[in-house]
Each structure stands twice: as C-alpha cells, then as structure tokens.
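Asker: So the mapping is simple: our numbering equals the position in the sequence shown, first residue as 1, plus 1415.
Keep in mind that the hints were calculated from the coordinates and are not lab data.
Honestly, I wouldn't trust all of these hints.
Claimed, not checked - No more than 20 Å apart at the CA atoms, straight line, and that leaves these computed lysine to any residue pairs for SDA-like:
| id | residue 1 | residue 2 |
| --- | --- | --- |
| 1 | 1631 | 1593 |
| 2 | 1524 | 1552 |
| 3 | 1578 | 1595 |
Claimed, not checked - Distance windows between CB atoms, simulated:
| id | residue 1 | residue 2 | range |
| --- | --- | --- | --- |
| 4 | 1545 | 1591 | 40 to 48 Å |
| 5 | 1563 | 1658 | 41 to 49 Å |
| 6 | 1524 | 1624 | 25 to 33 Å |
For glycine and all other residues, C-beta sits at the position ideal for the given N, C-alpha and C.
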Amino acid sequence: MARRSVTDEMEYPLLEQREGQEAAQPRGARRVRTSRKERDGQVVKKTRVSLFYWVLPFAALAAAFLLALGFHQVESFLLKDARFHFAGPEEYGQDPPGLRITGMHRASKAEILRVFEPDYGRSLYLFPVEERRRNLLAVTWVEEATVSRRWPNRVDVNLVERKPVAFAQVSSPEGAPRFQLIDADGVLLPMPRGEKFENFVVLTGLSGRGAEAYRKARVRLAMRMLREMGEQAAAVSEVDVHDPDNLQATMRVNGDVVMARMGNRNFHSRVRNFVANYPGIHNARPKARTFDLRIDDRITAVEGDESGQ
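Model the full structure from these sequences, guided by the hints.
Answerer: Here it is, written out as structure tokens:
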C-alpha cells in the first residue's frame, strides 16, 4: 500500500513538469511552426495562380479560334446559300421580286431600278446599304431615302421626294431661257408630264449653272416675301431674285400689272401701304408701272425717266 501511494504521488509531478516544460517553451518556437504552415499554404496558392495565368491565354486563344471558325462557317453559309440571294427581274422590264419601293411619285422608276442592278443575284449579306442610299439621293426628285435589308432576300426602299415651290426661269448661255420647277433648297426639277401648278409664281434672275446654295438663298427669300405679304401674295405672278437686297415683284393691282421694288424686309407693311395708296398714285402718275417701296412709308413712282413721290 505504501508503494502504490508513492507511485501515485510521483505521477502528478511528472505531468506537472511536462505541462510546465510546454509552458516554458519560448513563444517564438510555436510561431515558427505556425509560420511554416502558412508558408506551405502560400506556396500552394502561388502554384495555382501561376497555373491559372499559364492556362488562361491558351483558353482565350482556343475560344477566339472557335469563334472565328464559327463566324467563317456562318458567313460562308450566307454567301453561298441561294435562299439569301437578292433576285433580279425574271424578264427585262419587270420589277425585281425582292425589291419594294414606297414613296415614289415623280421620280423615274427606271433610274431607281438601275441603282440596284449590281446587286441582282448576289447575297443580301453583301448588300451595301449606305452606298445604295447615296446612289438614290442622286436620282432626280429624291430628297431623302431609307434602304433596309429584309432577311432572307428582300430590300425595302422608302423615298421622300422633293416638293417644288415655284417655277424657275433659268438663263443659259446656249440659248433662250428655259422653265423648270425649283424646290426650297434651290434644286432645279424637270416639269412632270400631266401635272399643273397653277398657283406657282415664276422666279427670274436664276442661273442653271450656279451653285445650289446661290439659288437656295434667293428662293427662300422670295418664299418669305410671299408669306409675309399675306393675301396680297395671290396677286404676284413673278419675282426677280437676281439682287437679294432688292426683290422685284410683278403683281396685279386694281386691274393694272405693275412692278414693285420690295427690298429685302418689311414686305407686309410695304405692300399694304402700296395697295392702299395705289388709286391716288395712279391718278397722279397714270403711266407709271414701276414703283420703289424700299423706303418705308414712301412710294416712288417711276414713269420713263420721270420720277415723283
């Protein structure tokens, strides 16, 4: 019994010594073991990251190759398959079955169809939308054009034609002046057959060889004058726009055909004052047919070389 007691008493100090030894170990030793584990984990992570960066370019290259291959196959299919071909007319003079045109009234159908002749029998994939739109804008009467592809093999065209606003007496060095229509942008247009424009005035003083910007400024000034004149504009038959600072309107007043020099502003007040005072002016100057209205509130009647106020 005594030996057992000694043994039992000896075990506890040994355990306490171990615990004391572990507790007495320096903290740095435990940190060293911990840092090794962390270092091993970092090495594994770095290895994985390195492999990822090595594999990524090859994966991207493979994806790009597959994408290019797929695009090439789709493109080849669109180019070669007859279902995507833009068909031309079956016989000469017929309309192409794949072309639908809206908004065409005065423009030449033959000119419009000629624009699309290079595309007959070709894939709609190759159809040059923007180029054909520019080609249509060069056709007489066409102001705006919209061109759309309609898969698998159709083309839709919508046109907005120019709107004439007056007749233009165009001078030319070759011979006598010729008459054409003109729109608000100064574009000269041919006379369409079978149509009448009874309410249009005639604009003179224009040149067929001048730039459109030159004609545009004068046409718009003449149209502004007619708008400002109000109901008196119906009496105007001709406007000389050669000098934009002095528009000259040929008009009928009280049964007489006269020419009024209107200047370039205050058209409404000037013509109203002129019409109101014309009976008295006619009595004083019965032979006068030209009147200068460029000075507000003053009318100058011209009778040959004689002038009066």
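Asker: Where does the structure disagree with the numbered hints, that is, which hint numbers, in rising order?
Answerer: none
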